[in-house]
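Participant: Sequence order for the protein chains is A and B. If you read the first sequence in my numbering, its first letter stands for residue 1, the second for the next number, and so on. If you read the second sequence in my numbering, its first letter stands for residue 1, the second for the next number, and so on.
Please keep in mind that the hints were generated in silico from the structure rather than gathered at the bench. A hint or two may mislead.
[To be verified] With a Cα cut of at most 25 Å, we get these calculated SDA-like pairs of lysine to any residue:
#1 B/107 - A/590
#2 B/29 - A/128
#3 A/811 - A/578
#4 A/289 - B/254
#5 B/29 - B/68
#6 B/115 - A/152
#7 B/107 - A/578
#8 B/107 - A/731
#9 B/107 - A/192
#10 A/811 - A/731
#11 A/162 - A/430
#12 A/121 - A/75
#13 B/115 - A/430
#14 A/131 - A/373
#15 B/29 - A/367
#16 B/2 - B/242
#17 A/430 - A/731
#18 A/131 - B/2
#19 B/107 - A/353
#20 A/218 - A/176
#21 A/388 - B/2
#22 A/373 - A/384
#23 A/113 - A/151
#24 A/562 - A/590
#25 A/430 - A/75
#26 B/107 - A/139
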Amino acid sequence: MSVIIDVKTELVQLYINNSTMAELPDWLFKYLNTSHAHDELANHSGKSPDHWDTLFNGLSSLTAEDVSERAIEISQLFQNGNIKLDRNQKWHFDPLPFMFSKSDWALLEAGIKQRTILLNKIQQDIYGEQKLLLDGHIPAQQLFQDNNYLREGFNLPQNELKLFFTALDIYRAPSGEFKVLVDHCQCPLGLGLLLESRIIARRVMAEEFAECNVQQIKGFLKRFTDAINEYTRYMDDPRIVILTQGVDDPNYNEHAFLSTYFGYTLVQSADLTVRHGEVCLKSLPGLGKINVILRWIPDRSIDSLEQTEYSLHGIPGLLQAVREGTVKVLNPFGSGVLSSPAIQCRLDELSHHLLNEPLLIGEPSHYDLEQAKNLDWSLLELVSYNDKHFKLDGASEADKIRVAINEHPDAYFFQEKPIFSCAPFWSEGKLVAKPVLFRCYALTTENGIEVLPSALCFSNENDKDPSVSGWLKDTWINAADNLVAGAHNIPAPVKKRMDVTLLEGVVSSRTAEHLFWLGRYLERSENTIRILRIFIDRYTELAIYPSTMRRNIVTRLLSAIKSQHIVYPYIEPTDISDEYEPKQAKQTAFQLLADEQCAGSIINTLTYLFNATLQIQELLSNDSRRIIEDINDQIQKLKRVAVNISARGMQSSLDQIIGFIMAFNGSITDCMPNSNGWFMLEIGRRVERSIQINSLTASLLSEETLETEELAILEAVLSCQVSLVTHKRRYRMYQSIGTGIELLMLDAEYPRSLLFQLEQIDLLCQNLPIKRRPGVISAHEKAILLSKTTCYLTEKDYLQHSEDGQRKQLKEFSHNIRTNLNTFCDVLLVQYFSHTQTASKLNWSNIEQIQS
Amino acid sequence: MKYKIKHSTTYQYADFVSLCQNHARLTPKTIRGQICHSSRIEITPPTSYLQQFTDYFDNTVTVFEITQQHNMLTVTMVSEVELLVSSNDNLNKVDMPWTKARDLLNKPTTHELLKASEFVMPSQHTPIDEMVKAYALVSFKPDVSLISACKDLMARIFHEFLYDPGFTTISTPLSVVFAQKKGVCQDFAHFALACLRSMGLAGRYVSGYIETLPPEGEEKLEGADATHAWFAVFVPNFGWVDFDPTNNVLPKEQHITLAFGRDFSDVTPLKGVVFGGGNQLLGVAVDMIRLD
């Protein structure tokens, strides 16, 4: 492919002259040939940047179509890797990585290290001796007014002040210098995103990855866990948790991803409680002590007892536990103050003072009001010492600035407007320039500061497409020289540590409960789909071959569905049941499929199912997550289903959904270690199935009619329970309601029978921690034992027996079973899931009056 | 003068409480002019965890937890406190123009000034606006001394505000107190603090007890004493000086100090988190008995 063009820009010339490439690919040529003021590909003082060369060499054989294909592949992988809560917000992950030159990275690494050391020192002084305040390096009044200056942070042990994992946003100014926009010292976000994008980049760009000799980030992640293990060095069974606000947190996906990646239990505030000055996890076996909390919730409202700012996400008593030294909170409490403008704009001075050296990477230049008088405001913006989010543009908001500085001259200062450099992003078949920021990460360890050898290169530039929240690139750093250096950098382990991976994962009661419900929803959706299938089949058959018997059967099924006897909530039939006209059949089928007003509709059950999977997202494999995403697509489709959908349309929709549910079931069968509480899912599934079988037989088989009609209705029931073929085989000679009941309810060895489910529940309950005295059995065990015994002791003829056309004994039997199952669930809830109780605040609301 | 103080707080709940965690700031301080000889906290039902720590403002905080199911909680603090007779004669020597105090606080050079400068900032219960500032300026005229100005402010609040129990609660905004000129001791303390801080001066909220004397010839009723609140102003090179705007006096021998803070929210005598409980009924009784 050749490009004929007369005038080549300087930049193109550079790349051609210096490159080993015979020719630039068309798409790259076009990008270089349009001028970009402040571009990462150009900003190298007249030399062609080698680091980009290697990459483009690797990519030179690709056509624009090839790159687009990669972009599509990436977006599929990226979108599917995580369950998205808000489908309108996603990152656009670019097929081209960002390349840092060796010299740039060396500078950045040194700068980040220096800055992290500095921030550590400041944190220790502020929550300690406060020398920096006393000698005026940090104006006390500005700091005292900052919401992140936490007075509760005093009186904590001194060793609670060390930072752990921090991030900073860096950009390249037009001068070529790097500058820091902001430090994130509390809950640095984006590590999950970075990990995920690295995994995808390595897969999609495997060859280029190898050619560019990209530094691995594994070592950093290893040291991340090592550093945590350092804190739990002397413990036998350290418990480490990641604390998240929960599914409502916009970054919940990332928390779940990190939990999966590091293998730490993901918990929410309500899962934790403080007892006797120790933080405990409410787990199935009871309260378990927690040693380390990686918090991803802000510290201003982390303890709803001690702190004034009340939050549902607070853990009452947490600070007392920190004070007692029984738990380690990372990042340390109070570190949010380091992002305060009162500190940020004085870091250079502080670096001279505390480290005796100039700051390697500074902030945007800033000026006090006096200095700014003679400056051109259009290049500046006004910011506040007290409010991080306050900003007024020097060009467009000059009037507002005058008012603001007139009112509170001490509250503001000017800083230069940051101008970011641009990097090429692939968009609609070509490269476009977008301003970029680099989020870099640092880890404070016992052996010094570690810098993550990569960065999250992102652009927040507003896009035409509102569904894109930002653009993102993997960042590559050449490893060539670091291999040797890195080798002896790694400190030998101080002492032999216990293999932490051998320890069982802990599951919170909340997770266990969600697993229980997930099992129930999985089974419920499957069952409802089968009932709907049979129902559609029977009423369409009636339309083709009308007969009294078929009409009666459709009426029976319709009534049982409409009265919610055989679908959730499985109301027990009364003696006088409503009768419905078969002409309502089609409408009822639609309601059961897609009506959100109908409690047991498939759309509702799938929605519950989806929400339950979000809650246990961190326990799922990537493949399972992908299927969940598909199920969510089906929910969205069901929302758009029209009332007059054809029977065929419904059937095909049901086929798809059941396919995904089977696939999901398959994807989780292998990840069933009991330590993760997966047996709760199985209990939920078996309980739901027991209720279904019980309801189905009681409401459809308890009325005696003509034998042929009875057998036809039995056939429908057996089909709903996928037992038709077995029944036919087993009872070749003679089939009756009695044989059907025997197979579905009383056969202890038939996997779809009620008794089999009860036996399984009994077995699974052995995984539950024992909460009773030896020698007695607990209430939930009693309920199951009673049901089992009833099944074993009951004969099929007894249940089949009818009086005045009613099988009263069958009804009674089924009622007893149902009562026992309800008891079982209630006891389970009270004994094992009683984490839902929430705290209320007790305050001495008014001071007593004096009698003066 | 020695006092024995018994301060009981009782919560009665409609439902059972399964767990409660609490912070109590009920230990009298030992500071200039006051010695806390002993203090003992009694809690029923028995606690499963009981610890103390010193908070940012040097108040003693008792942390406790009750895991036993209960529908009534009683917290009683019994303490013996001695008030030393201190004369305020020294005050005149350390007094200075209030503008000088303001300037010193603005650029703190000593640790004392630095700590005090924190109390110049408005807080949750003491917001500052132009109206408050205008009210304060009447007392804080140029060249007036700090102590005289504070005395004047205290006297004005005493005369112009009506003591009206039941008019306000802790959530009544200061602007309502100011507009209606009504409230109780903590409202007056908050208002005075807002005035001081609007002038760039350091003021702190003081919670404590005040002794009440029965009318001539009558027996003192049990539980008739009360918790009280007033304010203190920081006098550079000297320290904090108390003013009680509810009674228009400089506290001397009848005021016992429990805790300091920027406002009420820093010194809440008893706060907690309960699980369960439902509706609650609160009862407080304070007895302050002279021992000699």
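Participant: Holds or violated: are the alpha carbons of residue 162 of chain A and residue 430 of chain A at most 25 Å from each other?
Facilitator: violated (46 Å)
Participant: Between the alpha carbons of residue 107 of chain B and residue 731 of chain A, is the straight-line distance 25 Å or under?
Facilitator: Roughly 97 Å between the alpha carbons, so the hint for residue 107 of chain B and residue 731 of chain A is violated.
Participant: For the pair supplied as a hint, residue 131 of chain A and residue 2 of chain B, is the alpha-carbon distance within the 25 Å limit?
Facilitator: violated (40 Å)
Participant: Does residue 367 of chain A lie within 25 Å of residue 29 of chain B when you go C-alpha to C-alpha?
Facilitator: Between residue 29 of chain B and residue 367 of chain A the Cα gap is close to 46 Å, so the pair fails against 25 Å, i.e. violated.
Participant: Taking only the CA atoms, is the gap from residue 115 of chain B to residue 152 of chain A under or equal to 25 Å?
Facilitator: holds (15 Å)
Participant: Taking 25 Å as the top limit, are the C-alpha atoms of residue 107 of chain B and residue 590 of chain A close enough?
Facilitator: Violated: residue 107 of chain B and residue 590 of chain A sit about 75 Å apart, past 25 Å.
Participant: Given the hint that residue 289 of chain A pairs with residue 254 of chain B, does the C-alpha gap stay at or below 25 Å?
Facilitator: violated (48 Å)
Participant: Would the pair residue 107 of chain B and residue 139 of chain A pass a check requiring their Cα atoms to be no farther apart than 25 Å?
Facilitator: holds (8 Å)
Participant: Can the restraint linking residue 131 of chain A and residue 373 of chain A be considered satisfied, given a maximum Cα separation of 25 Å?
Facilitator: violated (32 Å)
Participant: Are the Cα atoms of residue 115 of chain B and residue 430 of chain A separated by 25 Å or less?
Facilitator: Cα-Cα ~60 Å, so violated.
Participant: Take a quick look at whether residue 113 of chain A and residue 151 of chain A sit within 25 Å of each other, Cα to Cα.
Facilitator: Violated: residue 113 of chain A and residue 151 of chain A sit about 28 Å apart, past 25 Å.
Participant: For the pair supplied as a hint, residue 2 of chain B and residue 242 of chain B, confirm whether the alpha-carbon distance does not exceed 25 Å.
Facilitator: holds (20 Å)
Checked against the numbered hints listed earlier, the structure breaks hints 1, 4, 5, 7, 8, 9, 11, 12, 13, 14, 15, 17, 18, 20, 21 and 23; every other hint is satisfied.
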